[in-house]
Amino acid sequence: MASSLSSMASIMGMKPMNKQEILISKRRINNGFSVFAQQVQEETTSLQPEEEKEAKAVKGVTQPRPVEPQVNVESKNMGRAYGGQWLSSTTRHVRIFAAYIDPETCAFDQTQMDKLTLILDPTDEFVWTPETCNMVYSYFQELVDHYEGAPLTEYTLRLIGSDIEHYIRKLLYEGQIQYNMNARVLNFSMGKPRVGFSYNEYQIEDVNQ
Amino acid sequence: MEKIEIVMNSIKFPLFHRTTQNSVISTTLNDLSNWSRLSSLWPLLYGTSCCFIEFASLIGSRFDFDRYGLVPRSSPRQADLILTAGTVTMKIAPSLVRLYEHMPEPKYVIAMGACTITGGMFGTDSYSTVRGVDKLIPVDVYLPGCPPKPEAIIDAITKLRKKISREIYPDRIMSQRENRCFTTNHKFQVGHSIHTGNYDQGFLYQPPSTSEIPPETFFKYKSSVSSHELVN
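Just so you know, the protein sequences line up as chains A and B, in that order. Numbered continuously in numbering that gives the first Met the number 0, the first sequence closes out at residue 208. Numbered continuously in numbering that gives the first Met the number 0, the second sequence closes out at residue 231.
In case anyone wonders, no lab produced these hints; they're calculated from the structure. Ideal Cβ placement from N, Cα and C applies to all residues, glycine included. Worth double-checking, as some hints may not be accurate.
[Stated by the list, open to error] Pairs of lysine to any residue residues, derived as SDA-like cross-links and limited to a Cα-Cα distance of at most 20 Å, are as follows:
| no. | chain 1 | residue 1 | chain 2 | residue 2 |
| --- | --- | --- | --- | --- |
| 1 | A | K191 | B | N8 |
| 2 | B | K186 | A | E147 |
| 3 | B | K134 | A | P192 |
| 4 | B | K134 | A | K114 |
| 5 | B | K134 | A | E153 |
| 6 | B | K186 | A | E153 |
| 7 | B | K148 | B | C49 |
| 8 | A | K191 | B | I10 |
| 9 | B | K158 | A | G174 |
| 10 | B | K162 | B | C49 |
| 11 | A | K191 | A | G174 |
| 12 | B | K161 | A | K169 |
| 13 | B | K134 | A | I118 |
| 14 | A | K169 | A | M112 |
| 15 | A | K191 | B | N184 |
| 16 | A | K114 | B | G122 |
| 17 | B | K90 | A | S161 |
| 18 | B | K186 | A | A182 |
| 19 | B | K186 | A | H145 |
| 20 | B | K106 | A | N179 |
| 21 | B | K162 | A | M180 |
| 22 | B | K186 | A | G174 |
| 23 | B | K134 | B | M89 |
| 24 | A | K191 | B | K134 |
| 25 | B | K186 | A | W85 |
| 26 | B | K90 | A | T152 |
| 27 | B | K162 | A | A182 |
[What the hints assert, rightly or not] From the derived model, a few chain B residues whose C-beta atoms are all more than 10 Å from chain A:
| no. | residue |
| --- | --- |
| 28 | S9 |
| 29 | S32 |
| 30 | S48 |
| 31 | C49 |
| 32 | F64 |
| 33 | D133 |
| 34 | K134 |
| 35 | P137 |
| 36 | T182 |
| 37 | Q188 |
Produce the complete structure using the sequences and hints provided.
Following this line, the structure appears as structure tokens:
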């Protein structure tokens, strides 16, 4: 029970994952769709060298600070003295709320006003892996630390949300996340897939040659 | 000389093991459920600007949309289609997302009019229009026009019905959404709101200062986030 909770917490991005947990999480995703035993063996052996490459590539990105999961969270609204406000920044891929949201029960506790919760891509437009999720979570934490001292208004939350959307777009341009073709709608809201080229490498061929 | 091609914004088909059996009974049940949903799409009575006039004319007798089974509902809890009729600005954007979230699955979105597809006539210079409602909610059918004629709206509804008729039931239930949730602490200044509901403010009312922190320090935050990391 504790191991499954801890592995779930690390999948949720609250704890840095060790190699075993990455394997467990990948195997769990595969098991739900009845993959044959032989395929599982082949996949786990092929996963290991890939993971080592991935771990080296993502070294420059800092892991997000872990947050202790809370128990017995109930949905509470913000107090009247604070205007009973609902502070949020909601766009297609980034939802930021000035509250604590329990990841399992989705209880929404607004009285914990020192917390910001980010819900990433609820419509599943992109394919997310724990590594890419952690990149976005750590960028979110950097931004929140950067805006220290700013007033807690929707304006600051929207500034943070817009910066995160630009970051997700940058990840898409670099190929680190991809569009999910199994989504119900294919909007390609951050640009259609295209062939790009850099102007430095393109040479105009001379016609007379 | 080889030109190196880089594919941007690439796509991926995530692993998806299909257990659908193509039997007569399951496909018939699938078709039955699709038919029952497409013949009774209930749209939310939603409109922000000019496109709503065209949407409202559909309710009248000349371009009747009740013959397609569409009954306009006022509550998002009872609606399964939202036709975003009218320009979406940054002020109404959170309310639109909230309405969309209140609608129960299965739900569909038709982006109606140029303003909701790409910002339309406000796409070049506006400071508050959202350029396209697909930045906020997932869109099934895009309906161009400024405003689209009622016949064009019926055409979009027909296209949506054809799209629903192609859906596969096991795909819908198998795509379980994982909750990617992350909480962090912040050190913002939490301020008391002036809207406390008391009307007898009278002598005690003091207008708040326009900004609680001096503007120089606030703009320091914005410029310090290194913009070369962000996409131009």
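Now the hints, each set against the structure:
1. K191/A / N8/B: 7 Å, holds
2. K186/B / E147/A: 5 Å, holds
3. K134/B / P192/A: Status holds; Cα separation ~17 Å.
4. K134/B / K114/A: 25 Å, violated
5. K134/B / E153/A: OK: K134/B and E153/A at ~18 Å, within 20 Å.
6. K186/B / E153/A: The given pair, whose Cα atoms are some 15 Å apart, holds under the 20 Å limit.
7. K148/B / C49/B: Holds, at about 12 Å.
8. K191/A / I10/B: 9 Å, holds
9. K158/B / G174/A: 33 Å, violated
10. K162/B / C49/B: 27 Å, violated
11. K191/A / G174/A: The hint holds at about 13 Å.
12. K161/B / K169/A: Answer violated: K161/B to K169/A is near 35 Å, above 20 Å.
13. K134/B / I118/A: 15 Å, holds
14. K169/A / M112/A: 31 Å, violated
15. K191/A / N184/B: 36 Å, violated
16. K114/A / G122/B: Not OK: K114/A and G122/B at ~35 Å, beyond 20 Å, violated.
17. K90/B / S161/A: Distance ~15 Å between K90/B and S161/A Cα, so the pair holds.
18. K186/B / A182/A: Roughly 37 Å separates the two Cα atoms, so the pair is violated.
19. K186/B / H145/A: Judged against 20 Å, a Cα distance of about 10 Å means the pair holds.
20. K106/B / N179/A: 19 Å, holds
21. K162/B / M180/A: Holds - the C-alpha atoms of M180/A and K162/B are around 16 Å apart, at most 20 Å.
22. K186/B / G174/A: 33 Å, violated
23. K134/B / M89/B: Satisfied, since the Cα-Cα distance of roughly 11 Å is no more than 20 Å.
24. K191/A / K134/B: It holds: about 14 Å lies between the C-alpha atoms, which stays within 20 Å.
25. K186/B / W85/A: Holds, because 18 Å separates the two Cα atoms, which is no more than 20 Å.
26. K90/B / T152/A: Holds. K90/B to T152/A sits at ~14 Å (cutoff 20 Å).
27. K162/B / A182/A: 14 Å, holds
28. S9: Given that some Cβ of chain A is not farther than 10 Å from that of S9/B, nearest at about 5 Å, it is violated.
29. S32: 15 Å, holds
30. S48: The claim stands: S48/B keeps its Cβ more than 10 Å from every Cβ of chain A (closest is about 21 Å).
31. C49: Label holds. Min Cβ-Cβ 24 Å, cutoff 10 Å.
32. F64: Holds: least Cβ distance 22 Å, greater than 10 Å.
33. D133: It is violated; D133/B is separated from chain A by about 5 Å at its closest Cβ, not greater than 10 Å.
34. K134: 6 Å, violated
35. P137: Since the minimum Cβ distance to chain A is about 4 Å, P137/B lies within 10 Å and the statement is violated.
36. T182: Given a closest Cβ separation of 5 Å, the condition is violated.
37. Q188: 5 Å, violated
Taken one by one, the earlier hints fail for this structure at numbers 4, 9, 10, 12, 14, 15, 16, 18, 22, 28, 33, 34, 35, 36 and 37, listed in ascending order.
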